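J.: The lines below spell out each chain.
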Amino acid sequence: MDKVIYTKPEAMEDRFTHYCPGCGHSTITRLIAEALDTLKIQEKAVCVSSIGCSVSSYYYFKCDGLEAAHGRAPAVATAIKRCRPELYPFTIQGDGDLAAIGTAETVHASARGENIVLFFVNNAIYGMTGGQMAPTTLVGMNSTSTPGGRKTDTAGYPIRVCEMLATLDGPAYITRVSLHNPANVRKAKKAIETAFRVQMAGLGLSLVEILSPCPISWKLEPTNALKFIEETMIKQYPLGDFKVIDGVKALIEGVNPCSPK
Amino acid sequence: MSKKVLMVGNVAIAEGAVLAGCQAYFGYPITPQNEILEHLSKRLPELGRVFLQTESELAAISMVIGAGATGVRAMTSTSSPGFSLQQEGISYMAGAQIPGVIVNVMRGGPGLGNIGGAQGDYFQAVKGGGHGDYRIINLAPASVQEMMDLTMLAFELADKYRNPTFILVDGFLGQAMEPVIIRDAVTKFPAKPWAITGAKGRPKNLLDSFEMNPVNYPSRVKKLLDKYEIIRRNEVRFEGLLLEDAEIVVVAYGSASRSAMSAVKLARTDGIKAGLLRPITLFPFPEKALRELSLRIQAFLVAELSGGQMIEDVRLAVGLDCEVDLVNRYAGVPLPAEEILESLRGIALKQRKN
Ligand SMILES: Cc1ncc(C[n+]2csc(CCOP(=O)(O)OP(=O)(O)O)c2C)c(N)n1
Ligand code: SF4
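Order-wise, the sequence lines are chains A and B.
Each residue of the first sequence is one higher than the last, beginning at 1 in my numbering.
Each residue of the second sequence is one higher than the last, beginning at 262 in my numbering.
Since the hints were made in silico from the structure, they are not lab data.
A portion of the hints provided could be inaccurate.
Simulated pairs of lysine-lysine, PhoX-like, Cα-Cα distance not exceeding 25 Å [stated by the list, open to error]:
#: 1; chain 1: A; residue 1: LYS40; chain 2: B; residue 2: LYS461
#: 2; chain 1: A; residue 1: LYS227; chain 2: A; residue 2: LYS151
#: 3; chain 1: A; residue 1: LYS44; chain 2: B; residue 2: LYS461
#: 4; chain 1: B; residue 1: LYS483; chain 2: B; residue 2: LYS453
#: 5; chain 1: B; residue 1: LYS526; chain 2: B; residue 2: LYS611
#: 6; chain 1: B; residue 1: LYS614; chain 2: B; residue 2: LYS526
#: 7; chain 1: B; residue 1: LYS453; chain 2: A; residue 2: LYS44
#: 8; chain 1: A; residue 1: LYS187; chain 2: A; residue 2: LYS249
#: 9; chain 1: B; residue 1: LYS483; chain 2: B; residue 2: LYS549
#: 10; chain 1: B; residue 1: LYS303; chain 2: B; residue 2: LYS265
#: 11; chain 1: B; residue 1: LYS461; chain 2: A; residue 2: LYS8
#: 12; chain 1: B; residue 1: LYS449; chain 2: B; residue 2: LYS488
Nothing here was measured: the structure is a model prediction, and the numbers come from that model.
Using the sequences and the accompanying hints, generate a full structural model.
T.: Here it is, written out as structure tokens:
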């Protein structure tokens with residue numbers, strides 16, 4: 001008999017997405033759905049979508065969903081968790097959403113150590129509005145609002161969100177992953193799953209930054225977009241863990257944090 | 262037996278929220294409403310409910326959205342500059358039909374203005390303030406008792422219509438101290454099958470204001486507009502004083518209506534047939550009552566703590582054949598009864614001459 005080794009995750013809706021071909025958002029949708037399946041939390045998960053290309057990401061999961069205004073998803077998720085602690089709210093936010101207009105909400109949800117999950121889709125550009133400069137746009141990188149490339153004298157420098165938030169005492173788990181090849185997609189999958197497990201264990205806030213291709217706004221073929229992440233973006237945004245509190249370490253290593261060492 | 266206690270207006274709002282079953286409060290400090298936030302910072306955790314001092318009013322209203330979406334009763338309170346920031350979230354709430362109560366204890370403006378009480382946010386609160394086609398029920402208390410009672414009503418109406426509801430009150434009332442009869446706590450709450458509670462044993466619930474398909478969008482907004490029509494029909498509230506034989510009617514709300522009430526009584530002792538119409542709901546506005554009055558009287562006097570905002574709604578309601586005068590104070594200064602009385606005398610004199 002044939003064995004099914006690859007299929008659509010249970011927690012994912014059977015419908016077309018609105019994402020462009022080669023867009024990282026599609027991969028992220030699938031990875032999140034896989035995590036909901038693995039952890040069996042689809043009935044308790046709540047997708048808080050932000051404004052950006054992830055605007056209607058709640059269409060694609062078989063869990064409850066809610067829209068937040070541009071940048072406000074961490075505040076909305078905070079309230080959901082405070083009012084119904086049994087639910088597992090997660091946000092999906094672009095770089096403009098999380099690191100420009102929503103910087104205050106991001107920093108303060110992190111500082112309070114809210115028990116929520118933030119998925120931060122860093123594509124270094126404003127995808128939805130047609131490719132303008134984002135707070136994460138690389139120096140010299142072209143966008144529709146930085147003709148000739150981002151210049152530091154007028155547009156300043158890109159923000160490293162993980163590094164910045166890792167200085168806070170509030171967050172439990174902060175990590176940066178990338179989608180540029182299958183090995184890294186697998187790492188991203190692991191990080192996404194860990195973030196949910198951190199919330200399930202009540203350990204605090206997780207932020208998973210995902211370097212994600214936007215071939216349309218980068219004006220690159222999808223495969224070249226992946227190459228751009230690997231060869232250029234990672235230099236500005238190095239991959240790895242930036243904050244892993246002891247409880248999370250124990251969780252990752254499969255140790256029961258309560259058992260005597 | 263119900264208990265009667267002395268209470269500050271802002272605390273009456275906070276206690277009204279507690280009695281109405283408010284499970285979550287989110288707010289950012291601003292004068293003159295701080296007593297609400299401070300009172301609830303102690304009261305709600307004692308009851309095992311949620312209190313959170315937020316990083317901004319933007320975050321506060323976003324949290325009211327998150328909380329209201331889960332089906333619990335939620336509130337924020339602020340004053341004018343913070344109310345401006347909350348317009349974003351209020352528009353989203355209206356669009357996604359998420360209930361919640363927003364209290365604006367108004368102060369002088371524009372800009373940072375002055376912390377004295379005012380009614381200069383009437384346009385912003387009653388006409389919209391945020392973007393798009395939406396309406397908000399506005400309740401305007403005029404006593405500390407009403408601050409408690411209307412706060413409780415605000416939660417009920419918010420749930421009933423799945424719409425944000427405002428308490429619009431001036432800073433003078435927020436700081437006023439008066440006896441209050443403590444009401445019974447609400448124990449029955451409406452079912453909310455639309456709420457975000459986890460997609461277990463039911464199809465998933467989505468709460469949003471966004472419509473990707475432009476063809477579907479008008480019908481979605483139409484549903485909202487139809488709802489506002491029902492609110493207009495069913496929820497008008499006002500109080501009349503000495504209206505039966507009145508020849509001049511003062512229209513005033515909030516603390517201005519209290520000065521107006523004194524002025525009307527004084528005018529009566531002068532032989533001037535004055536009356537008072539006090540809107541309790543600013544949206545929906547008591548336009549029908551005003552129109553009916555306009556058929557038999559010729560003069561209205563609008564008393565407000567602004568440059569003249571509600572007066573536009575009175576003029577719309579009564580039409581061009583009636584005289585509608587304004588007596589006002591603005592920029593954080595109270596309106597004395599004597600001033601309203603002077604205006605009433607002036608109008609009466611003019612009418613006698615005609
Ligand atoms: C208050 C507000 N300002 C601006 C916009 C327009 N807008 C929509 S999405 C977006 C930026 C999205 O970029 P990003 O967050 O990086 O997400 P991406 O689309 O790249 O996934 C902007 C500016 C808006 N919807 N609301
Ligand atoms: S514009 Fe970019 S981020 Fe948006 S859907 Fe297209 S590829 Fe994805």
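J.: Hint by hint, say whether it matches the structure.
T.: Evaluated hints:
1. LYS40/A / LYS461/B: 12 Å, holds
2. LYS227/A / LYS151/A: 23 Å, holds
3. LYS44/A / LYS461/B: Holds: LYS44/A and LYS461/B sit about 7 Å apart, inside 25 Å.
4. LYS483/B / LYS453/B: 22 Å, holds
5. LYS526/B / LYS611/B: 20 Å, holds
6. LYS614/B / LYS526/B: 23 Å, holds
7. LYS453/B / LYS44/A: Cα-Cα ~17 Å, so holds.
8. LYS187/A / LYS249/A: 16 Å, holds
9. LYS483/B / LYS549/B: 24 Å, holds
10. LYS303/B / LYS265/B: 21 Å, holds
11. LYS461/B / LYS8/A: 20 Å, holds
12. LYS449/B / LYS488/B: Roughly 24 Å separates the two Cα atoms, so the pair holds.
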